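K.L.:
Sequence:
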Amino acid sequence: MNEIIANGFGVAAALCSITSFAPQMLKIWRERDASSVSLKTYALTVSCFALWVVYGVMTGAWPVTFANSCALVMSAGVLLMKWRFGREPDA
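Under this note's numbering, the sequence shown has 75 at position 75, and the numbering climbs by one with no breaks.
Quick caveat, the hints were computed from the structure, so don't treat them as lab data.
The reader is advised that the hints may include incorrect statements.
Unchecked claim - Derived lysine-lysine pairs resembling DSSO-like cross-links, with alpha carbons at most 30 Å apart: (1) K27 x K40; (2) K27 x K82; (3) K82 x K40.
Fair warning: this is a prediction, and the values are worked out from it, not measured in the lab.
With the hints as constraints, model all of the structure from the sequences given.
P.N.:
This is the structure we're talking about:
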């Protein structure tokens, strides 16, 4: 496969991964409400990106490391806002 095309897909995938958390972060921040966000899902997502970062470092795959580090920061931001703005369900 042409390296330029492959790199183009890689960049597109990285940008999608990184920016996919922005709408959720903005919504939570504006509304100060994260009750609709799943704590388990974001805890798993953060763990996933952290593992990809470790993999990227261990294998020297710096594009993987960079893209997943950025996505880790974004998903961790959502997780932190879940803890801060999450509302307890009514008893």
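K.L.:
Hint by hint, say whether it matches the structure.
P.N.:
We went through each hint and held it up to the structure:
1. K27 x K40: 19 Å, holds
2. K27 x K82: Holds, at about 12 Å.
3. K82 x K40: Given pair K82, K40 holds - Cα atoms ~11 Å apart, limit 30 Å.
Hint violations for this structure: none, all hints satisfied.
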